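Using the sequences and the hints, build the whole thing.
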Amino acid sequence: YQDKEEVVLWMNTVGPYHNRQETYKYFSLPFCVGSKKSISHYHETLGEALQGVELEFSGLDIKFKEDVMQTTYCEIDLDKGRRDAFVYAIKNHYWYQMYIDDLPIWGIVGEADENGEDYYLWTYKKLEIGYNGNRIVDVNLTSEGKVKLVPNTKIQMSYSVKWKKSDVKFEDRFDKYLDPSFFQHRIHWFSIFNSFMMVIFLVGLVSMILMRTLRKDYARYSKEEEMDDMDRDLGDEYGWKQVHGDVFRPSSHPLIFSSLIGSGCQIFAVSLIVIVVAMIEDLYTERGSMLSTAIFVYAATSPVNGYFGGSLYARQGGRRWIKQMFIGAFLIPAMVCGTAFFINFIAIYYHASRAIPFGTMVAVCCICFFVILPLNLVGTILGRNLSGQPNFPCRVNAVPRPIPEKKWFMEPAVIVCLGGILPFGSIFIEMYFIFTSFWAYKIYYVYGFMMLVLVILCIVTVCVTIVCTYFLLNAEDYRWQWTSFLSAASTAIYVYMYSFYYYFFKTKMYGLFQTSFYFGYMAVFSTALGIMCG
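Each residue of the sequence shown is one higher than the one before, counting from 3 in the numbering used here.
There is no bait here: all hints are sound.
Straight-line alpha carbon distances no greater than 30 Å define the calculated DSSO-like cross-link-like pairs of lysine-lysine that follow:
#1 Lys128 - Lys82
#2 Lys27 - Lys128
#3 Lys38 - Lys148
#4 Lys218 - Lys243
#5 Lys65 - Lys38
#6 Lys148 - Lys444
#7 Lys6 - Lys128
#8 Lys39 - Lys82
#9 Lys171 - Lys444
#10 Lys156 - Lys27
#11 Lys444 - Lys166
#12 Lys148 - Lys65
#13 Lys27 - Lys93
#14 Lys27 - Lys82
#15 Lys164 - Lys39
#16 Lys171 - Lys128
#17 Lys93 - Lys148
#18 Lys67 - Lys178
#19 Lys164 - Lys148
#20 Lys166 - Lys39
#21 Lys128 - Lys178
#22 Lys38 - Lys156
#23 Lys93 - Lys444
#24 Lys67 - Lys167
#25 Lys6 - Lys38
#26 Lys65 - Lys128
#27 Lys39 - Lys27
#28 Lys148 - Lys39
#29 Lys164 - Lys178
Each pair of labels, with its calculated beta carbon distance range:
#30 Phe184 - Val526: 24 to 30 Å
#31 Gly241 - Thr517: 47 to 53 Å
#32 Gly206 - His353: 56 to 62 Å
No lab work stands behind these hints, which were simulated from the structure alone. The model shown is predicted, which means the values in this text are computed figures rather than measured ones. Note that CB positions come from ideal geometry on N, CA and C, so glycine has one too.
Here you go:
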């Protein structure tokens, strides 16, 4: 900024403190606007539009490095309806958010006295702005001037601005919003260490089981190789060698199966890239940039989905590859957009700023049809041509082998339910931090932790599913594809159950809008995590 250049104070949203996502336009409450009118319009990005950022000009006249003494900028004519609106807002602990030069400022609307009969409005906004050279590096707001709300009176709203030199570097101006004592708590380090020990233990266990038992199995089978064919057919062979003629049989419902696998590979690629980008660039400093990045990366990694889904479908002998490509491309977008569409109805009913505008919806649909689909097609064609030929080491028998009776804990359903426990155990502390940054007012910035947890989750999932598949094949059940997918994907069920615990014991959310928002998007998050693990 140059000296005396205009500094804009944007009003964003107002809403109840306990419901982070339930926000309304600032001027939906009967506040009055300052006298200064001329201002260029604010253009929002896709991520901001989806997150319900509604910036409106406050009308306050602020100039760079120019102090303003306490000045009245407008007055509110308090009739009964307006008083009721303010009383409702104060009862529900409404607070508002403003922006100066992209720095967020929060303030509370008002307060009630102890017995809850009289309600007071804060009328005086005292701004202290720190500058370093020609840049704004720090903003503080103090709310003063408590005025009792009495019907049919006039309430004067005032503000003052004080500029002071600050030593904060422009790059570090967001540090005061971060909460190191919360995110870099001993528990957080301990949980990573704990998961790490579990990983070492698991990898050791799996390699030991596989090395020792497989060596025994090989010894047993090679001894039987020496018999002639007649004896071997009548012999008492058992274990995984028995199903060698059926183990490469295509899975049931190959179309859905390969679409899920493709989508999972894509979600994994997106998570990896977004976390790396977030570690390098501080994405938390800009409104909505995290969401915009994720959408862009998701669209750009579509060939991954097509490649893995299409090649798997071709190897399983699928014929309807165009249908598989469409299902693979639109599986995740349809899930996310379907949930958003449903929650949007509630948001429109509430007149909340989270209601997604029609233009934004059209933009997202265009991304799906004109970016994701063509890239998916490219990936599918590559996948079918490069690795679409089945190259199995042994033939598939013409007649499926009957599956023998087995113990109850070897049934696929039981294996699937037990498979998700260990992966969930390795991530659930990190889930707490991620949930808190999303549903409460913490800014998540420790992406290195998240990267570690993602790696740990991968290793644990791999180990667990190898063991599950080994047990299943040893019980002479060759239906391993869905079991291996679902025994990892069942992590999603445990995460969703944990989100119920989090809702009831860690938050104070209330109301239809916030509750449906919470459980709707938690379901989307859990499902995506499950598909990724699978």
